[in-house]
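Asks: Chain by chain, the residues:
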Amino acid sequence: MITKKTFSIKGMHCASCVYTTEKALKKVPGVEDAVVNLATSKASVTYNSNSCTPQDMAESVAKTGYTLELEEKSESVEKEEKEKEQKDLRNKVVVSLTAGALILWGSFPGIMNTAPAILQNFWVQFLLATPVQFWAGSAFYRATVPALRHRTANMDTLVALGTTVAYLYSVMVTIFPQVTKSIGIHPEPYFDVATLVIGLILLGRYFEARAKGQTSEAIKILIGLQAKTARIVRAGKELDIPIDQVQIGDVIRVRPGEKIPVDGVITEGESSIDESMITGESIPVDKADGDTVVGSTMNKSGTFTYKATKVGSDTMLAQIIKLVQEAQGSKAPIQRLADVISSYFVPIVIMLAFATFGIWYVFGGDSAFLFALLNTVAVLIIACPCAMGLATPTAIMVGTGKGAELGILIKDAESLETAHKINTVVFDKTGTLTKGEPEVTDIVSVNKLKNDEILRLAATIEKGSEHSLAEAIINEAKKQKVTLGTVKAFEAVPGHGVMGTVGTQRIFLGNRRLMKKERIALTSANKEIDRLENGGKTVMMLAVDEKLVGLVAVADTVKNSAKKGVEALQKLGIETVMITGDNARTAQAIARKVGIDRVLAEVLPDQKEAEVRKLQAEGKKVAMVGDGINDAPALAAADIGIAMGTGTDVAIEAADITLINKDLRSVAYAITLSKKTMRTIKLNLVWAFGYNIILIPVAMGALYPFYGILLNPIFASIAMATSSVSVVSNSLLLKRYNIKK
Amino acid sequence: MTIDKILVVLFSLAGIVFTYWYFLMKKEEVISVTDSVDITVDGGYSPNTISILQGKTTKLRFIRKDRNSCLEEVVLGDFKIKKYLPLNQKVTVEIKPQKKGEFTYSCGMNMFHGKIVVK
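Residue numbers (numbering that gives the first Met the number 0), protein chains in the order written: chain S, 0 to 740; chain V, 0 to 118.
The set of hints was computed from the structure by calculation and includes no laboratory data.
Since this is a predicted model, take the numbers as computed values, not measurements.
Incorrect hints may have been included.
Computed list of lysine-lysine pairs in DSS-like fashion (alpha-carbon distance at most 25 Å, straight line) [said to hold, decoys possible]:
| no. | chain 1 | residue 1 | chain 2 | residue 2 |
| --- | --- | --- | --- | --- |
| 1 | S | Lys-321 | S | Lys-734 |
| 2 | S | Lys-86 | V | Lys-82 |
| 3 | V | Lys-64 | S | Lys-83 |
Which residues of chain V face chain S? A partial, calculated answer using Cβ under 8 Å [what the hints assert, rightly or not]:
| no. | residue |
| --- | --- |
| 4 | Asp-41 |
| 5 | Gly-42 |
| 6 | Tyr-83 |
| 7 | Pro-85 |
| 8 | His-112 |
Built from N, CA and C at the ideal position, the CB exists for glycine as well.
For reference, chain V alone in the conformation it holds in the complex (with noise of 0.2 Å):
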């Protein structure tokens, strides 16, 4: 093999194990939200992983930042909430849940995701 097929395939596997590492072993950070929290909407959800309590009505306000039409809507399937997010406009969503465990929202098409731990 010469070496610039050395190379190359060192380079692709590198690429690869690059990838794996920036984005599927990324370290979660969690906020816990008392009251309400503000979410911001670029590029993904942002704080991505918010604590609320259980049974508590916690209000999340949206401001959708990012224009990509991916992101103009929040799913929030558990509990039953899909809201449509205006430019720069805050949306806020009101939850009180009702288990424990950790819920999945995303964006209308499946494609950013963010985790409600409820405690």
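For reference, chain S alone in the conformation it holds in the complex (with noise of 0.2 Å):
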């Protein structure tokens, strides 16, 4: 397939690096053409994607003495960029505020007195101003311009009309200060408040700016957690190579507080390992050989080899990235009214400075003009589209970035908002609230046969079933070295046990529903059964030739937090439900232990969406936690489904949270953080709504006529600057919160 890229070349310094790269570049097989640019250090490479990579491109260039960048660095224009902004934008406020301050005290009434002669001139005045009108306030005539030839208007028109009509009427009045006179009118220019009021907004430009960066924080923090550089094993010989040139297979060596490159999987060596970063749990693990390590956590003690699983885009944290920014750049169901708003927000704005001028001309009384002119600038100085804009967005973002710190990844901004209104949460038990690996605990025996036939006869039925309690029978033969027969005839039946013919004997394995479908009485181990379930325990019966000979009882262990992650979501007022496909008094064992409210037992597989269905139908907003992988339809029926302790792809897509960490008290931080973001939206809302419902009659001169309370356009632009740093720095307290209280 023809492919056209753009990469960076780095090192170029005249005319003949251009002709050496191109060289380099057009070498390479497979690539039809190539062109470099100097001034943008750039090459434009045309070429067949079958018959080479990316990659054979970097050598070919690397082999020069030049380096051909992979991955196209847009962090690094943006903060480039951004930086630049910074810079021209704070110039422009010590400018326009300084001009702004000398023109104020030369012409405001009662400290103008004590200005130099020369501030007081209306000329001198008009040479300061105008730069600032022109140079510091170029920005929103660029933004006006265009937006006007394409029918629309936003804030930077509102400031661009308002001070235009402020700097105009003072040029006016200075050129022609006769015209006002024959009016009536006392010829006084207004260049303070077309030159503050620039500089004002630009000072409020620049700091939202900072706090602005400050939202996106956490997912720079991510992008920088991956490591450069990998140090690969290759005949015998370790060699570093930069991180997006190890490929899968590559065996990567690990040195003691070095950072692991990418995913993979140990194949020599042990150690303990800080995976905080990426889960959010602050003991590290141990993992030795056959373990999973995941790219960009940092090896504490041992030295050790691994086999790269997942590169580039793949790893846990490319994914964990991507993730964080599509839900980051995804919408939440709250912003929609504000989107509606804010398409109709500026042009009402310009027809209600239109009213006010119109109103304060026939009813402003002897300074009528003047009036007019102050107060429709004012409405357009304070009216603030942007706070509604950034009202919700910056808060999502925040909001997300807190939950990727806590190993809680949120897949987009509608299960952040809906993740609040959770009043019951569905454990899955299996795996979930219990580690899922279960164990036998009692072999009983309900006839003559001895404890080792009914496990040798167990495992081997076992031994063609993918069950969790079925690996737990398998391992426990394995660990009493009982040798294993020969199964015929196997069958599994979902939610009921397992069936087949070892040697001459038919074998079934299961649960009270298989015996009682196969008709196989129980009398004899009734008592026995229940003692066991008693105490939480899966008993499984085992019948040969339909007569009841033992009984097999497993128990999984809880988890250390399953307790706590209960009481956590029950102080939240939250009623947790545990789903299993146990008999109700193992479950309810369980659920004891663990304290949970309420017990769905004997649940098949695949009943357990209906049953999720069931408790939304009783009117409850439902979370389901399971593992992803299983329980995937329960997830989806539920209003929110929760994958645990796992980052896995499809866990992932079938969750609308995800929780890397196995603590099951991040459930409760999940649902307390959707709260307290939806909380810092809904106040930034009131507050970006409130503000411009309030403040803009009160610029219209709406308070005049009971109080005599005017709106300077000067504090207007005050409170407009205020307003969007606010609602931004409102968002950032989120970062402050300690979910985990």
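With the hints as a guide, bring both chains together as one complex.
Replies: So, in structure tokens, the structure goes:
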């Protein structure tokens, strides 16, 4: 396939560098054309992606002494542009506020008498104000002109209109004072208004840009986590290579204190690894042969080698970054209203400004024209659509970023919004509340068969099963070194058990439901079954030739964080439910241990989804917590699906929220985070809407007839600049909130 | 009422009517897109409204020519995409809509809007 791509090239200084790199690129088989631009340090390459890769091009260019960057560093471009913009903005703020202050000193009643005569001269004020209007204020015009061409208007349009009106009036007064005199108005320019408004709004923008930069800090931290190089072992030699050149199957060595470059599986050695940057769990995890390691986590103590299994955009960190970026770009339903309003807002403000001018001119009394002029400018300046636009997205950005820090990955803004309404949390038992690694605890013979024979038959029949209980029995048989037989006519009945033929005997192993189905009497063992089940154990009954011969009890260990996780939810006033295929008694025993409010037992795997829907039919907002792999339908059916303790693609895809760590308290943290974020959004929206709803009428002069209050446009610009900064700052407060409290 | 007041009232009313007509009554021109489209970001999005097909991957190539920082980000919330648009550089966004309907996108501050109609 013919592809065209642009790459950055480092190290070029002259035209001959261009020639060399172009030649190197064109030499690569599959490259059809390469154009290198010295000014931009970019190479535009047309190539057949079936015949060559960017990697081949990088290698060819590297041989000539230059570097072809495989990844387009959009973050660095963004950073560079931002820094330049900030510097430019700062200069403009300083110049316009200084000029504005000097004009104010020379023109404001009360203080103007203390100013040197030169500052009181209108022409000097004109000379000070003009560069501010057209240089510092150029951004407003640059944004307004193309917008007007598209018949749209934004905040810049309002500022441009407001300050232009004040500036042009002042210019007219300066050049033709007799004209204003002739209509009975004392010739008095308002250069201070135009200049200070521009200065103050730019100052607000400066602070806003700085604060906004902090809202995306979480993603920058995540990107910064990535290791730069990897030490791969090839032909017995160690070689440091850039991370983007690591390939699947490469063997990598990691020493103590080093970052693990990509995801993989340990092949030799063992170590303690700090995974807190990914999972939020602060205790290092011990890993050895066969364990998976996650790229960007920190190796603490040992040296080990591992095989890379995921590189580039497939690593867990890359997936997390992608997910957080997607969530931060998504739209929360609560934002829809702000969307609708913002599309009408600016035109409505302009209409209000026209109305203000007309009303004040007609009813303004002696100084009608000046009142009309200043109040119109105040209306245009005070309106702040930005605060409305920033209210939701900034909080979502900080909220999702904070979540990622704690190992809580939120799929989108809608999930974050829904999570705060959750009043019922359903936990899948196995693997979620429990460790999911059941062990055989009891083997009971109910006729003359010996315990090891019961275990042999049970393990033999379970050989073909993939159920977690089967694994427990087979592990026990291995532990006791029992030799297994062969099974014929194996059959697994989901939610019941397994059956098959061992030798000449027909064997059944399963729960009560299977025994009932096969009409096998339990009478002789009922008491024993009850005792085991009351202890929270899952009992499997073994029948040979339709007669019960023994019981195998298996128990799963409850996770350390289960009780605390359930308590944390109950503290939030949330009902906790456990769903399991176990019988009611076993389920109750575990529920009691953990403190669960309600138990849904003997639920077949395919009925979990229906049970979730039943709870929803009761009017509950349900979150389902599972492993995300075999309970995907239930996760999807719930209002919020929470996949736990995994970072696999399947789980992330199925869930609204993915908890990378295995700590069950994270469920409550996720809900608390959602509540906090929603509170911030609501506060922001109330502030942003309230600000405009209250202050626009004040600027129009609504309070003047009652209290004689009018809003000077300079104060209007201070209010406007503060309003969007305060919305962003309020969102940033979320960062400081301790969710784990 | 003096003549100047009558004139100012008429001017204000005309201003209101003009503003309403100019900004709120503009006609939408829908551009049909099959594979890809270049969208110029300059005081808004041009073309402003595009129509694309459901289930088909469409490339939207944004090129920002406007230095206004408000437009430096494009947010396609319904498609979970937020991209920084460096000045004068093409940024390609791929979308594959699964649902029919009208979806708006905006700049980072929700001031400028564009529309995607999925048919």
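Asks: Indicate, hint by hint, whether the structure satisfies it.
Replies: Structure-based check of each hint:
1. Lys-321(S) to Lys-734(S): 21 Å, holds
2. Lys-86(S) to Lys-82(V): 23 Å, holds
3. Lys-64(V) to Lys-83(S): Holds, because 17 Å separates the two Cα atoms, which is no more than 25 Å.
4. Asp-41: 5 Å, holds
5. Gly-42: Holds, because the Cβ-Cβ distance from Gly-42(V) to chain S comes to roughly 2 Å (cut-off 8 Å).
6. Tyr-83: Holds, about 5 Å.
7. Pro-85: Where the cut-off is 8 Å and the nearest Cβ of chain S is about 5 Å from Pro-85(V), the hint holds.
8. His-112: 6 Å, holds
The earlier numbered hints are all upheld by this structure, with none contradicted.
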